[in-house]
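Enquirer: Model the full assembly from the supplied sequences, consistent with the hints where possible.
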Amino acid sequence: MKTSLTLRTSCSLFFSLAVGQFGRSEKRWCQKIVIILKTHKTASSTVLNMLYRFGEERNLRFALPLGYQLRYPLPFNAHRVKGYRGPRAMEFHIMGNHMRFNKPEVEKVMPADTFYFSIIRDPVALAESSFAYYKEVAPAFRKAKGLGDFVDDPNKYYDPRLCNNHYARNLLWFDFGMDNNANFSVELAQYGEAMIRQTFRLILVSQYFDESMILLRHALCWPLDAVVSFSLNARQQKSGSNSREKLRQWNALDWYLYKTFNRTFWEDIDKFGRAQMEQEVALLRMRREILGRVCLKDGGKPVEAYRIRDKNIRPFQSGVVKILGYELQPGLDNIQYKDLLDSKQFPRTPEPNLVYM
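Per mature numbering (1 follows the signal peptide of the UniProt record, and there is no 0): the sequence shown = residues -20 to -1, 1 to 337.
Quick caveat, the hints were computed from the structure, so don't treat them as lab data.
From a predicted model like this one, the values you see are computed outputs, not experimental measurements.
Any given hint could turn out to be false.
Claimed, not checked - Here are the simulated lysine to any residue pairs, SDA-like style, with alpha carbons at most 20 Å apart: (1) Lys125 with Asn135; (2) Lys83 with Met175; (3) Lys12 with Leu40; (4) Lys83 with Tyr171; (5) Lys239 with Ser223; (6) Lys136 with Pro119; (7) Lys226 with Asn135; (8) Lys12 with Asn29; (9) Lys226 with Ala162; (10) Lys123 with Ala112; (11) Lys239 with Phe164; (12) Lys239 with Ser165; (13) Lys136 with Trp230.
Claimed, not checked - Here are the computed distance ranges between Cβ atoms for each label pair: (14) Val166 with Phe326: 45 to 55 Å; (15) Val166 with Ala262: 38 to 48 Å; (16) Arg224 with Arg177: 25 to 35 Å.
C-beta atoms are modelled at their ideal positions from N, C-alpha and C, and glycine is treated no differently.
Expert: As structure tokens, this is what we get:
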């Protein structure tokens, strides 16, 4: 399936030069090797864009997929990384494209001191977004008239054997590499939690995105400007679901993960300091507003795709809800970020000029 792509614009580089002095005096980043498990429908595309920008500016090497995803939805395999020549034969600094987590294979690519993090979302909101976006992709969703119909009797629509139905149940659990069709038990849920905690040093929460970015920047020793961003792949808001408890029951493993790591998230904020967090979030939002005025039309607000004149940066549309994007100010160039990084790491050898006699 075609996915929406992350964009790089000259505006981000201009912003770093024009208003990026805040981070100049801060210490060098303390985590050079980074992996984000890019979970679905959790604002992970926005976070990946930050990693792309940070890594490009510092000439870091990315573990890029041969296509646009790392073998997803199959478990990650090291041979799907472009340029992979065997366990740790090449140094990679950042990995972030969609994958189904498979730690033994990831460890063949990334060093032992890699900083692992990910981002989660309330499974009710996640289910609403997944249904809207994957309505024509997941057979279970395609058969249902609406999300309410689906969750009223999910087993009527859901067949675990069908390809892409993983989007319809415990999607977080699936992305973390576990069996999303397993029957819920406290023992299984606690086992999954332990597996995640063993590897991932930070779990962010998309509903508290700005607070998440402050925790991330301090964990990585990044300057504030490195986490200034705009939301990618935002959807046009519809009314919320009236079946919250049923969605939690259907996605019980995801609900357990969310409750557990949401609690840990706020414990981390308490350790950081609520007052300090409020100050940094306010500063982050101010920087975002500046960036929006410099780079975007319509006051930096996302707009429907048809209003974006440059067809190359219109967000890919999937499902039944419109995916919003941004209209750049005149004179700013853009490029598909993944393609840019790919061309820099794997430049094409020019064909020799042949002289025919």
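Enquirer: For each hint, tell me whether it holds in the structure or not.
Expert: Status of each hint after checking the structure:
no. : hint                           : in the structure
1   : Lys125 with Asn135             : holds, 15 Å
2   : Lys83 with Met175              : holds, 10 Å
3   : Lys12 with Leu40               : holds, 9 Å
4   : Lys83 with Tyr171              : holds, 16 Å
5   : Lys239 with Ser223             : holds, 18 Å
6   : Lys136 with Pro119             : holds, 12 Å
7   : Lys226 with Asn135             : holds, 13 Å
8   : Lys12 with Asn29               : holds, 16 Å
9   : Lys226 with Ala162             : holds, 17 Å
10  : Lys123 with Ala112             : holds, 13 Å
11  : Lys239 with Phe164             : holds, 15 Å
12  : Lys239 with Ser165             : holds, 15 Å
13  : Lys136 with Trp230             : holds, 13 Å
14  : Val166 with Phe326: 45 to 55 Å : holds, 47 Å
15  : Val166 with Ala262: 38 to 48 Å : holds, 40 Å
16  : Arg224 with Arg177: 25 to 35 Å : holds, 27 Å
Checked against the numbered hints given earlier, the structure satisfies every one of them.
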